[in-house]
Amino acid sequence: MTSILKNRLFWPAAILVVLLAVNVFTSNQFITIRDGHLFGTLIDILRGSAPLILVALGMTLVIATGGIDLSVGSVMAISGAVACLLISDLGDQNAVGPVLLIIAASIGISVLFGLWNGALVAIVGIQPIIATLILMVAGRGVAQLITDGQIINVQSGPYATIASGFLLAVPVAFLIAVAAVALIVLLTRRTALGLLLESVGGSPTASRLAGIGAKRITVMVYMVAGGFAGLAGLIYSANIKSADSISAGNLIELDAILAVVIGGTALIGGRFSIAGTVLGAILIQTLGVTVVAVGVPAQATLLFKAIVVVALCLSQSPAFREKVFGRLKPRPALRAEVAQ
Amino acid sequence: MRRNLSAAVLSGVLAVSALAGCGGGDGDSGTASGDDKITLGFSQVGAESGWRTANTKSIQESAAAAGIDLKFSDAQGKQENQISAIRGFITQGVDVIAFSPVVTSGWDAVLQEAKDADIPVILTDRAVDSQDTSLYKTFIGSDFVEEGKKAGDWLVKEYEGKSEPVNIVELQGTTGSAPANDRQKGFADAIAANTNFKIVKSQTGDFKRADGKTVMETFLQSTPDIDVLYAHNDDMGLGAIEAIEAAGKKPGTDIKIITVDAVKDGMTALADGKINYIVECSPLLGPQLMDLAKKVDAGEEIPNRVLTEETTFTQEQAKTELPNRKY
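Protein chains in written order, with this note's numbering: chain P, 33 to 372; chain L, 1338 to 1664.
Bear in mind the hints are in silico, worked out from the structure with no lab data behind them.
Think of the CB as a built atom: it goes at the ideal place given N, C-alpha and C, for glycine as much as any other residue.
Don't take each hint at face value.
[Said to hold, decoys possible] For each label pair, taking beta carbons as the anchor points, the in silico distance ranges come out as:
id : chain 1 : residue 1 : chain 2 : residue 2 : range
1  : L       : 1483      : P       : 356       : 30 to 38 Å
2  : P       : 189       : L       : 1660      : 24 to 32 Å
3  : P       : 356       : L       : 1494      : 52 to 60 Å
4  : P       : 327       : L       : 1483      : 26 to 34 Å
5  : L       : 1562      : P       : 133       : 49 to 57 Å
6  : P       : 300       : L       : 1624      : 52 to 60 Å
7  : L       : 1494      : P       : 69        : 37 to 45 Å
8  : P       : 39        : L       : 1662      : 51 to 59 Å
Chain L on its own, in the form it takes in the complex (with noise of 0.2 Å):
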């Protein structure tokens, strides 16, 4: 009696990761294709912000908009979890693929694999290091060294003619990630010509709040004059501004604070004059993507390099642009 309890209970528990495997997917996950709707595998690195969770809300609106049947699939920011759902929609015969890689390395076996089973796939918002560029069709998503660098031209700009140092701490995001990389060098190359322009601390808070404020925390022990906060997204710098808080220094003042990302909560903080600028890195790719993949679909060949639209925001053009942000 008890080990046939035992096996019930435990196949509910292989039941409920499997679930939780594809957290949020949508539908039973019967193999596609057959009809001439358009089947896309879609693989999300997690919800760790509130611009993720936009990206994933614009992604399945316009699937839905676009008539394309979506398989959503939540990584939780683990690429074993993204690699197993990648050959999941492979065996299901999606017709396209499309994932937002959670690190940068390590995707030339499953990517192999789909190309062998004729699956075209799009990488979205973060890129891959694979040597081999015929493995995906294309890379859809933001610059993030552009990023960096109008974040860095940006501080240039605020300390033009002023020749006494500058310290700066950096937040970066998830190690070895694309735009924890790419944001870091870009920054870096923009400010190198600035010899007063001091990198004095730089350490991960994986793109979160918590860890954000606990990393600023110690920054503020450690480093004696901060200048600067560059955050590579929003919500560690609103991580860091409770930090600053508790310090006592007023931020945004005592310290100038620049973010990546532009969602609602950090635009807030912008017209607050608690962030000084932030540069924009648009979430909203879901209309672009299912239009490339129509495109892949049909055979029709499409550029290798899709930029997402973005702009920049000082304090004064969040206060207007505040009311219309929706994530």
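Isolated chain P (complex conformation) (with noise of 0.2 Å):
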């Protein structure tokens, strides 16, 4: 039992279940079956945060080396730009051949950027917060050009397949989410990969000393954050099938590192936690929807939100913790004492 307690991610789990019992209470269908696919408030939970999930999911691998990428959002716009304007110049929007295949040059863009990033911290040697600054910066602007500032609408169904679908029941944005989750646990967990990652995060110096190609190791994170973002960026623009510039994925970039906080990885790099990090996403989310379902008035939403993750933070903190909860437990201290 007091293993469970002591779980950094059990007081994170244990606000979800929270707000998800919230949610079963002021849904009409929390969860059930309609037109032959699951349907309901935990549905949309799980489907809107496909994007929050797979960009956290990048930002997890490189705060593990110890960097950050503040860049993601835009990454996000760029890609929603690229694809949407790719589509909308199509003959058929509905040809599934070409779609996939702008899909996939979209993520390519997004990549690029990534190795940008990547670049600018390994081998040039700049400061994290900084290189991934000019990205972000610059990126939306970037967006912009793209999208001349307008609104891109497009009508193609493969398109909106990949936020608003649904393959075996399930939403195909989640599984999505799902399988990129699936293929990094794979990789750091079932490979030396993850070993390598939190040695170059620990100290890049050692890691090289030993024989780690810590700069080859650190490009490749950016590489795969920027991937992921790209790909966040198309599931957020085939929700609402127009490329929205300005808006997409602006301050994600907070939430994702919000994420992975929540998940119990340490900002300085080193130690990381997958499960942490898809727990921490899933909870943001079910938070944003939570407020809209109670009722929260809007000019307070932004002050219900901010007492929950600093209530969920206070939780996560040992020192809180130990005066909260310090005093309801047997005191080993107490015994050496009596033993002096």
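Dock chain to chain to rebuild the complex, using the hints, since each chain is given by itself in its own frame.
This is the structure we're talking about:
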């Protein structure tokens, strides 16, 4: 029992369960089957959290190496803009082949932006927060240039499927996120890659001396983060069937960092938790939905969210827990005094 | 070597952010005045919707047509960007400053600075809540309360003579912004007399399509019978339509939709029968603004409130008007 309580993911999980329980009461259908697929609040949450899970997943890897990527939101905007622009030029927007090609191309471009970030950090040696700030600011401008400041509408069935479609009764967007998580878990926990990441985050110099290609690994994680951000941008724009270069991914880097921190990954690098990040991302999405479902007034939503996040952070602080819950437990320290 | 390189890149970053600060700003920012050409510093909210881009275009085109030197700055939806843009205009010594405030409050200090520098200020499209109205010359734009009222009036007429309860959900604009506050108030006032009308849920969608969709999804899940959706702009309404269709309902039939703005995408949906009624909020105030800027610069007296010309559209009217919509 105490080992469960001590697990750092216990409190985030507990808060998630509470929020979901609230939604069970506020929603007409929490989870049900309609038109041959799952439907309900829980499905909306899972589907809606897919972009954040993807972005936070990339962010986890970057943070594990001791870096940070502020440019993810701008990369989302760029990839959505590129995809919608190309699709709107298609003769037949419902042709699956070309749409898939465009999706692949948009992700490819996003990976290249990640390569740019990684090169600035690992090869040029710029602080990650500054290196990615360049693309964060400039990238949104690039996205606006691509769309000419307009919202580009597309009417492509296959494209909309990646956000609103269902496969085997489950939302496609969520399946994409699950596949990405599975891939990363496999790569980091079943191969030595995870260990290498943690060692680079712990000490790049020591890793290099131990024969680990620290630079190569650093460049790689930024490329992965860029690719996932691009994929998230596609889901975002497919969801509204249009490219909105101003609001796509706006401030998502902060939500992603919050998800990573809630998940228990330290911002200084080193140890990381994929499961924690996914939990954090779903928690943030659930919080957003709950605020609307319980009818918190628009003026108070940010305060409401802040209270939940503060409570969450306090619950994860060992010092705070010691102060509040410390007295309830038997004190080994007291026994030590007696022994003296 | 590395330090030099970092310094070089850092200055690059600064240059980039400076550029982004006046994103889309054309030309260099050398000090204005000197010649007789009027310099107008304009700070735009951002480009959050099709409406806004049409507004920007109208201002840029009419400035060129009127022979006014326009210093355009995009605040990207942030008040702090707008304040620093206005300070920039004051330093550059432009002849007239115009801006569309991101939010209503917190402008006294920077407006006082403009006043101290003897630069007249014109508010466009959104008002500020400053007590001291001498801080700006005039406010040109729509009457948002009136827009909300028009939306409410239509609804009252639509349900005339019926007494069954009408459940309304509302998608508000950016919290604290004048259009969100006023459209909410005007609408609430117009339907207040009908006791069977009830606003069951009201939440912000930040004037954005994606937020409109997400919030509407949750509305649909948490509210049993929604009869009417009132969205403070077309884009949120368009996002909500996606959510309504995904929930297996028919927008415009199962749920009646009223929006404000009348941009092209919105008008298309109206003509298709997915929206029931749109209250126009015209973004094409560029020519009127240039006119006012010239008068203010010449020291002429101008009214302290100028309204833009606007109308409303039903589905039938949308079909005739749609081919003429440029934005």
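Worksheet entry | Unsatisfied constraints (hint numbers, rising) | Violated hints (numbers, rising): 1 and 5; every other hint is consistent with the structure.
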